[in-house]
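Novice: Protein sequence lines correspond, in order, to chains A and B.
Using the numbering used here, read the first sequence as starting at 1 and increasing by one per residue.
Using the numbering used here, read the second sequence as starting at 1 and increasing by one per residue.
Keep in mind the hints are simulated off the structure, nothing from the lab.
Because the structure is a prediction, the values reported are computed rather than measured.
For glycine and all other residues, C-beta sits at the position ideal for the given N, C-alpha and C.
Keep in mind that the hints are not guaranteed to be accurate.
Claimed, not checked - Quick list of simulated restraints, FRET-style, between CB atoms: (1) GLU249(A) <-> PHE18(B): 23 to 33 Å; (2) GLY29(B) <-> MET167(A): 19 to 29 Å; (3) ASP35(B) <-> VAL18(A): 28 to 38 Å; (4) ASP122(A) <-> GLY29(B): 50 to 60 Å; (5) PHE18(B) <-> TRP206(A): 31 to 41 Å; (6) ILE10(B) <-> LEU416(A): 43 to 53 Å; (7) ARG625(A) <-> PHE18(B): 36 to 46 Å; (8) GLY371(A) <-> GLY15(B): 32 to 42 Å; (9) GLY15(B) <-> ARG39(A): 50 to 60 Å; (10) ALA37(B) <-> GLY348(A): 55 to 65 Å; (11) ALA27(B) <-> ARG469(A): 23 to 33 Å; (12) ALA27(B) <-> ILE216(A): 18 to 28 Å; (13) ALA37(B) <-> GLN670(A): 21 to 31 Å; (14) ALA36(A) <-> ALA27(B): 52 to 62 Å.
Residue strings, one per chain:
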Amino acid sequence: MTADARPLEHACAHCGVVIEGGGSDWCCSGCEMASAIIRGAGLEQYYARRESPGPRPSPVALAWDSVAVEQAEDGGSRAALQVDGLTCAACVWVTERVLLATPGVREAMVSHATGRCRVSWDPATVDLRTIADRIAAIGYRPRPLNAEVAPDRTLLVRLGVAAFAAMNVMLLSASIYAGWLDGMDPAHAAMFRWATLALATPVALWCAEPLYVGAIAGLRAGVLHMDLPVSIGVGSMYAHGVYATLRGEDGWLDSLTMLVALLLAGRVLEQRGRRRAVEAATALANSAPRLARRGGVEIPASELQAGDRIDVGLGEEVPADGVVVAGAARVRMSILTGEAEPVAVAVGERVVAGAVVEDGALAICVQAVGGQTLLARMADELAQAADRPAPPTLTDRIAPWFTGATLALAGLALALGGPERAMAVLVVACPCALALASPLATAAGLGAAARRGLLVRTGEALRALAEVRTVAFDKTGTITHGEPAVVAADDAVLRVAAGLERSSGHPVARAIRNEAIRRGIALPEAHEVREVAGVGISGTVDGRRWTLGAGRPGQVEIPGLGAITLQDVPRHDAARTVSQLRALGYRVVLVSGDHLDVARRIADAAGIEEVVAGASPEQKAAWVRAQGGEVLFVGDGVNDGPALAASSVGVAMGQGAASSVLVADAIVAQDGLGPVVAGLRAAVASKRAVRGNATRSLVYNAGAVAAALLGLVNPLVAAVLMPLSSSLVVWGASRVERWTR
Amino acid sequence: MDALIFLVPIAIGLGALFAALFIAAAARGQFDDIDDAPQRMLDD
Numbered sequence: 001m002t003a004d005a006r007p008l009e010h011a012c013a014h015c016g017v018v019i020e021g022g023g024s025d026w027c028c029s030g031c032e033m034a035s036a037i038i039r040g041a042g043l044e045q046y047y048a049r050r051e052s053p054g055p056r057p058s059p060v061a062l063a064w065d066s067v068a069v070e071q072a073e074d075g076g077s078r079a080a081l082q083v084d085g086l087t088c089a090a091c092v093w094v095t096e097r098v099l100l101a102t103p104g105v106r107e108a109m110v111s112h113a114t115g116r117c118r119v120s121w122d123p124a125t126v127d128l129r130t131i132a133d134r135i136a137a138i139g140y141r142p143r144p145l146n147a148e149v150a151p152d153r154t155l156l157v158r159l160g161v162a163a164f165a166a167m168n169v170m171l172l173s174a175s176i177y178a179g180w181l182d183g184m185d186p187a188h189a190a191m192f193r194w195a196t197l198a199l200a201t202p203v204a205l206w207c208a209e210p211l212y213v214g215a216i217a218g219l220r221a222g223v224l225h226m227d228l229p230v231s232i233g234v235g236s237m238y239a240h241g242v243y244a245t246l247r248g249e250d251g252w253l254d255s256l257t258m259l260v261a262l263l264l265a266g267r268v269l270e271q272r273g274r275r276r277a278v279e280a281a282t283a284l285a286n287s288a289p290r291l292a293r294r295g296g297v298e299i300p301a302s303e304l305q306a307g308d309r310i311d312v313g314l315g316e317e318v319p320a321d322g323v324v325v326a327g328a329a330r331v332r333m334s335i336l337t338g339e340a341e342p343v344a345v346a347v348g349e350r351v352v353a354g355a356v357v358e359d360g361a362l363a364i365c366v367q368a369v370g371g372q373t374l375l376a377r378m379a380d381e382l383a384q385a386a387d388r389p390a391p392p393t394l395t396d397r398i399a400p401w402f403t404g405a406t407l408a409l410a411g412l413a414l415a416l417g418g419p420e421r422a423m424a425v426l427v428v429a430c431p432c433a434l435a436l437a438s439p440l441a442t443a444a445g446l447g448a449a450a451r452r453g454l455l456v457r458t459g460e461a462l463r464a465l466a467e468v469r470t471v472a473f474d475k476t477g478t479i480t481h482g483e484p485a486v487v488a489a490d491d492a493v494l495r496v497a498a499g500l501e502r503s504s505g506h507p508v509a510r511a512i513r514n515e516a517i518r519r520g521i522a523l524p525e526a527h528e529v530r531e532v533a534g535v536g537i538s539g540t541v542d543g544r545r546w547t548l549g550a551g552r553p554g555q556v557e558i559p560g561l562g563a564i565t566l567q568d569v570p571r572h573d574a575a576r577t578v579s580q581l582r583a584l585g586y587r588v589v590l591v592s593g594d595h596l597d598v599a600r601r602i603a604d605a606a607g608i609e610e611v612v613a614g615a616s617p618e619q620k621a622a623w624v625r626a627q628g629g630e631v632l633f634v635g636d637g638v639n640d641g642p643a644l645a646a647s648s649v650g651v652a653m654g655q656g657a658a659s660s661v662l663v664a665d666a667i668v669a670q671d672g673l674g675p676v677v678a679g680l681r682a683a684v685a686s687k688r689a690v691r692g693n694a695t696r697s698l699v700y701n702a703g704a705v706a707a708a709l710l711g712l713v714n715p716l717v718a719a720v721l722m723p724l725s726s727s728l729v730v731w732g733a734s735r736v737e738r739w740t741r
Numbered sequence: 001m002d003a004l005i006f007l008v009p010i011a012i013g014l015g016a017l018f019a020a021l022f023i024a025a026a027a028r029g030q031f032d033d034i035d036d037a038p039q040r041m042l043d044d
């Protein structure tokens with residue numbers, strides 16, 4: 001490209017897209033507005049500090065009135081939003097400051113880690129929609145957050161109490177053990193023992209409650225849970241402690257408090273590891289009704305009624321099921337059917353909520369709204385199908401043997417050396433390390449997967465992930481982007497088209513712009529741009545009038561200049577992900593609702609040999625069940641929901657439909673498929689760590705029980721052995737991160 | 001050594017005070033989001 005013929009090129013002052021100069025500093029009015037807001041609030045520093053150019057603003061048409069708003073005592077309102085697109089600290093900073101500069105906003109806090117925004121405002125001055133629009137105006141994408149899950153704080157408090165008690169009991173017990181050597185004043189010894197009992201009582205009766213609850217729940221369900229031998233150990237230690245203290249003897253209460261504190265620490269870690277995934281899922285599952293246009297007025301889609309006539313324009317989502325009464329358009333229904341190619345609809349034909357108008361415009365007579373739409377009914381069915389029983393863990397499988405052996409050995413010890421020795425056996429057989437083995441390795445595995453972009457919701461899902469043999473991918477939106485991309489076009493036609501589409505928000509415009517940016521073509525300025533529904537977009541570029549409209553299927557064209565071919569293409573890392581999976585020994589299958597030739601083309605591009613095509617959502621689920629073995633299904637739309645629920649591990653793409661996220665066990669939180677491989681690696685590493693930990697702790701328990709049977713274990717020995725065996729398990733779990741690499 | 005009769009309860013009492021502070025902090029959500037604060041520090 002020669003510079004002499006064209007004006008100087010420069011980057012858009014907000015989003016960084018290269019444009020031809022002469023006109024304004026910005027590529028579109030949205031970016032100009034974003035800059036004006038940011039500069040108007042005195043936040044120019046944002047442009048110097050941000051790590052990547054700001055996102056291009058696009059309007060959000062959501063009915064914010066329906067979001068749960070909390071009323072504060074001072075008359076203010078408070079709500080939580082999820083903000084997407086925050087990539088660096090400067091993004092968070094500018095979002096907070098822009099909100100604070102909005103009249104009527106009192107407080108605004110955005111979390112760096114989760115993108116959660118808590119905002120409070122004066123309802124007399126401003127409303128939530130205005131606040132959300134301000135966030136959208138600077139380019140970030142706000143989403144409603146109806147039910148905010150408060151993390152379970154009780155578990156943390158239990159851990160705090162148990163740790164406090166354990167440390168003080170350790171101090172007191174050290175004095176008692178020292179007294180064995182030097183002798184001790186009986187009054188002191190009595191005080192120390194009673195103080196120990198006082199500290200251990202809340203630990204045994206309250207802090208350890210989750211263990212008892214787990215054991216009882218296991219018994220009810222007919223499963224001998226690992227919590228059972230632990231509960232027996234804790235229970236007998238405490239009973240013996242009370243008895244011994246009354247008689248002025250030494251008990252095992254120091255071991256008890258330490259044990260409970262360690263087990264609770266393991267649980268807190270596991271809970272923390274899961275939290276991000278749970279939060280991401282709830283955030284995605286929340287959605288406000290979209291806005292609908294009825295008689296030229298915007299109203300929440302939830303207020304629509306059957307018989308209403310609504311208008312749906314270019315790039316918009318159909319808000320309700322209905323029949324087309326005027327206009328013609330091509331709509332993309334990939335969210336429902338999994339087919340990427342838009343379908344032409346004309347007067348008299350049905351359209352469903354969730355379909356996106358790719359070109360043209362429609363007037364629709366509403367037939368079904370809200371929960372009655374096909375989309376909502378499918379989502380409901382999914383939610384019911386999502387419950388599946390948790391597979392038993394390795395330690396749970398050992399638990400019955402363990403409990404039986406412990407009780408038998410305690411009986412043997414009773415016969416050999418009386419109740420004191422039986423007590424010693426029960427204490428050292430208490431599988432602290434074994435019970436910690438699973439939560440710690442699980443927490444490490446969840447963390448390792450999350451750092452690489454796969455948010456796994458539960459420890460059960462992580463364990464199921466380690467057993468997977470077959471990885472099945474949906475096509476549209478999973479292997480591919482689910483949106484068209486330019487596959488063939490001349491630079492000249494692309495340049496003019498990108499200029500015409502500079503401010504447009506619909507997928508084809510995005511694809512054309514992205515391709516122009518990728519090729520390093522500066523976007524020219526277009527004047528008198530007009531979008532004509534059903535025809536296309538026209539405007540003046542370089543002094544000539546052009547029209548961009550639909551050409552042959554899969555093409556858009558500018559008459560007199562040329563055509564642009566668009567196709568749904570595989571994600572940038574699809575082929576690499578597939579080859580990595582195959583190298584790891586997984587069977588990789590493409591399962592698509594599309595025609596065989598389309599599916600075949602994408603499969604070839606991604607390097608997948610096995611293809612199942614033309615499958616309806618139910619057929620996909622049936623295929624998954626027919627595999628019998630452990631199948632990992634990766635999908636994105638409502639149409640993948642049944643398959644996600646039927647698979648042993650369902651993985652949803654983070655940008656997918658809310659309802660597929662509801663039934664998924666894990667969520668890909670990055671752009672790309674790489675996190676799937678990373679998640680599988682982390683799950684296998686975690687399983688290996690659980691195995692190693694279980695072996696080590698079983699060896700420890702066996703040795704300790706043998707010693708106890710011989711009468712070699714007293715409270716001091718137990719108090720030293722227990723933390724030693726536990727640190728062995730912590731060391732084992734710490735290797736998960738290294739194995740995942 | 002008789003001082004222990006006072007010192008031990010005092011020590012435990014002090015420990016309990018801090019445990020109570022921790023519980024109060026946890027109950028008010030101080031530890032709900034522990035990843036945000038370290039990043040926020042880098043803002044200014």
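Novice: Taking the Cβ atom of PHE18(B) and the Cβ atom of TRP206(A), is their distance within the range 31 to 41 Å?
Specialist: violated (18 Å)
Novice: Can the suggested window of 32 to 42 Å be confirmed for the beta-carbon pair GLY371(A) and GLY15(B)?
Specialist: 55 Å Cβ-Cβ, so the 32 to 42 Å window is violated.
Novice: Is it true that the C-beta distance of ARG625(A) to PHE18(B) lies inside 36 to 46 Å, as the hint says?
Specialist: At 55 Å between Cβs, range violated.
Novice: Could one say that the CB atoms of ALA27(B) and ILE216(A) fall in the range 18 to 28 Å?
Specialist: Distance hint for ALA27(B), ILE216(A) holds at roughly 26 Å.
Novice: Just to be sure I understand the hint, the distance between the Cβ atoms of ALA27(B) and ARG469(A) should be within 23 to 33 Å; is that true here?
Specialist: Roughly 46 Å apart at Cβ, these two residues miss the hinted range, so it is violated.
Novice: Mind checking the hinted window 50 to 60 Å against the Cβ distance between GLY15(B) and ARG39(A)?
Specialist: Holds, at about 54 Å.
Novice: That 28 to 38 Å hint for ASP35(B) and VAL18(A) (C-beta), does it hold up?
Specialist: holds (36 Å)
Novice: Given the range 23 to 33 Å, decide if the beta-carbon distance of GLU249(A) to PHE18(B) lies inside it.
Specialist: holds (31 Å)
Novice: Taking 43 to 53 Å as the stated bounds, is the beta-carbon spacing between ILE10(B) and LEU416(A) within them?
Specialist: For ILE10(B) and LEU416(A) the Cβ distance comes to about 44 Å; the hint holds.
Novice: Should the hint that ALA37(B) and GLN670(A) are 21 to 31 Å apart at their CB atoms be regarded as holding?
Specialist: holds (24 Å)
Novice: State, for the Cβ atoms of ALA37(B) and GLY348(A), whether the hinted interval 55 to 65 Å holds or is violated.
Specialist: Holds: the Cβ-Cβ distance is about 59 Å, inside 55 to 65 Å.
Novice: Okay, ALA36(A) versus ALA27(B) on CB: inside 52 to 62 Å?
Specialist: violated (44 Å)
Of the numbered hints listed earlier, those contradicted by the structure are 4, 5, 7, 8, 11 and 14.
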